[in-house]
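> Spelled out, the chains give:
Number of protein chains: 2
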Amino acid sequence: MSAPRQVFIAVIGAGGVGKAFLSQLSTLAAKLSQSPTTPTTLSLLYLATSKKALHSPSYDGFPLSSWESSLQSSTTAPLALPQLAEYLNESPAKVVLVDNTSNQSVADAYPSFLSKGISIVTPNKKAFSGSYDLWKSIFTAARNGSGTGGYVYHESSVGAGLPVISTLNDLVDTGDQVLKIEGVFSGTMSFLFNSFQPTTGGGGKFSAEVTNAKDKGYTEPDARDDLNGLDVARKLTILARLAGLPIESPTSFPVQSLIPQELESCTSGDDFLARLPEFDGKMDALKQEAEKEGKVVRFVGSVDVPGQKVKVGLEKFDLGHPIAALKGSDNIIAFYTERYGDNPLIIQGAGAGGDVTAMGVTADLVKVLRLLQ
Amino acid sequence: MSAPRQVFIAVIGAGGVGKAFLSQLSTLAAKLSQSPTTPTTLSLLYLATSKKALHSPSYDGFPLSSWESSLQSSTTAPLALPQLAEYLNESPAKVVLVDNTSNQSVADAYPSFLSKGISIVTPNKKAFSGSYDLWKSIFTAARNGSGTGGYVYHESSVGAGLPVISTLNDLVDTGDQVLKIEGVFSGTMSFLFNSFQPTTGGGGKFSAEVTNAKDKGYTEPDARDDLNGLDVARKLTILARLAGLPIESPTSFPVQSLIPQELESCTSGDDFLARLPEFDGKMDALKQEAEKEGKVVRFVGSVDVPGQKVKVGLEKFDLGHPIAALKGSDNIIAFYTERYGDNPLIIQGAGAGGDVTAMGVTADLVKVLRLLQ
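Listed in order, the protein sequences are those of chains V and U.
Just so we're aligned, residue 1 is where the first sequence starts under UniProt numbering, counting upward by one.
Just so we're aligned, residue 1 is where the second sequence starts under UniProt numbering, counting upward by one.
If a hint is listed, it holds; no wrong ones were tucked in.
A pair holds if it fits inside one copy or across any two, identical chains being indistinguishable in the list.
Pairs of lysine to any residue residues, derived as SDA-like cross-links and limited to a Cα-Cα distance of at most 25 Å, are as follows:
#1 K292 / G201
#2 K282 / T200
#3 K19 / V172
#4 K327 / G201
#5 K31 / L179
Think of the hints as simulated: they come from the structure by calculation, not from any bench.
Predicted model only: the values in this text are computed from it and were never measured.
Please build the complete structure, drawing on both the sequences and the hints.
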């Protein structure tokens, strides 16, 4: 058995996904330390929330088993991003930065980290769905782009741990022609419309289903952050770019917001929810129109690759269509390609939640660790 | 731009999958030669069918664009496997062996190739579903097992290009507990039962549907090779082993054959098909029994991981179940895990055909090329 190699892990974010990731990291570290061929010591070099940090200026690392109590008792402030980049750049071993935030500033700093040879794994959509310039800077710097820097992997930025991005990359890498990508990309929207218009009939008023989804924890604290469609638009931006389209931003294509124009001026989420019932009639009309055609309404996103068109909004689907048959808060993503013909390659399952999102991040970390060997 | 690195590709098999792979390889080689960061020259070093070969003793390689005519006019016999291993071992550059056969002898030689540092990508099920000793020898030698040899990837050994094996590996690598794997793993069985008992009612006699499937090219030349369930049993063996179960062989668990005992003595496939109508009554009874329960019959395989049980055979499914709702000759694979809870991670799409099988092989090659950098 050769001497173990050392890889440092720097983590930003310790919320739902961050906590689940740190737990998975602990299991992975124990396993890799025992690897018969490439024993690896994974050390937690740095861990930061927005308020405090574990920071080891002498690169000793912190025990993974007690990060929570260590962080609680820490009085250290997080490093500013340029300082963090410098600190990681001077590390005596290779570093993987794990960004478990949804922070735009951290995303904006990726090119700087990558060009220093620091690899990044992250579920943060902002880096890949913001301006096209940021996208280009990231993949110009990254080794798995056209650069010589660190690797960047972001499976969980679409569909959490579902193998969506890796599958799309495989299709493109092997020379298939992706024709259309279509699906339900939001657990919230999935739950909401599966309840509003189940394939078996029934379902409540739209506003009541929104309140129900919020009460069950399926929406953001302010449900408008789901209903405006921006989250779905960000995911479609990522997929369209991976398929080769130069999408400028998540607002550069048609996105249907489910926030009625009249309620755009609501000052709070509660105010909005209180007034939403005024628009139930309009949603009921949509539902009935679909029903008459033997269909159901779903909130979907699609990319027409040859037509270079991306759109997000309500569509009607036959009851037998896989998108109509979806259950609970599952996501579904269908890839229509030249090779797969009429029957698309479909991936389906939970597309949100701490554990499954962290799983995508950890799987990316495993891939990067293999490449860093 | 640095000098291009050279990687040699040795290919065994030039049938449906082999041809499609060589076409994808040609596209990939053109792309990699232009890579801005790691320009790579992929050369076809060796290509063999069971009868003849392209063999370049001085390691010059053959143009990918004209492999078909070169092979046609070749008078060279294929190298015996030990000679091939020696030849590849002495190659001046790294070698990836692509086994596009379903040959057991080639599979048996994998440990010898791997231990010489030769990587392997393949859709050949025999290597991973034969004896458990062969499985252990392969992964003891492979670098992505516990060895120091070449890499071995075999995505297309289950579900062709569908991301089945990579997803299962990701689940296991990140510490999820796989509870059950269940699905339709044969395009032939999928087509046969979707026609025999469509969810919309109707369907023909079982024997007529078998003949229809054969006429449409959905079965092996001898349909018994599909109906005996062994192909599905091999795929389940692979998945069960990846999930950690030490399955001895594809015949060490219950596999329901759809060849009636009375017809086991038939001397030809035609003789068998001529006599199969005698058993239509039995299959009709199964269909009606399912119908009474509001279900349909499907030929599925499943792995109960905690219970260490694998089985293959007919099962009944509710009309709303994703397995019942499958269309055409699609495969479907559902992973039930601790993290995904009641709603499994599902992958669905074409699980057979030259192009999509070759896609899995080419995607594996891309992964190996990245790791060989």
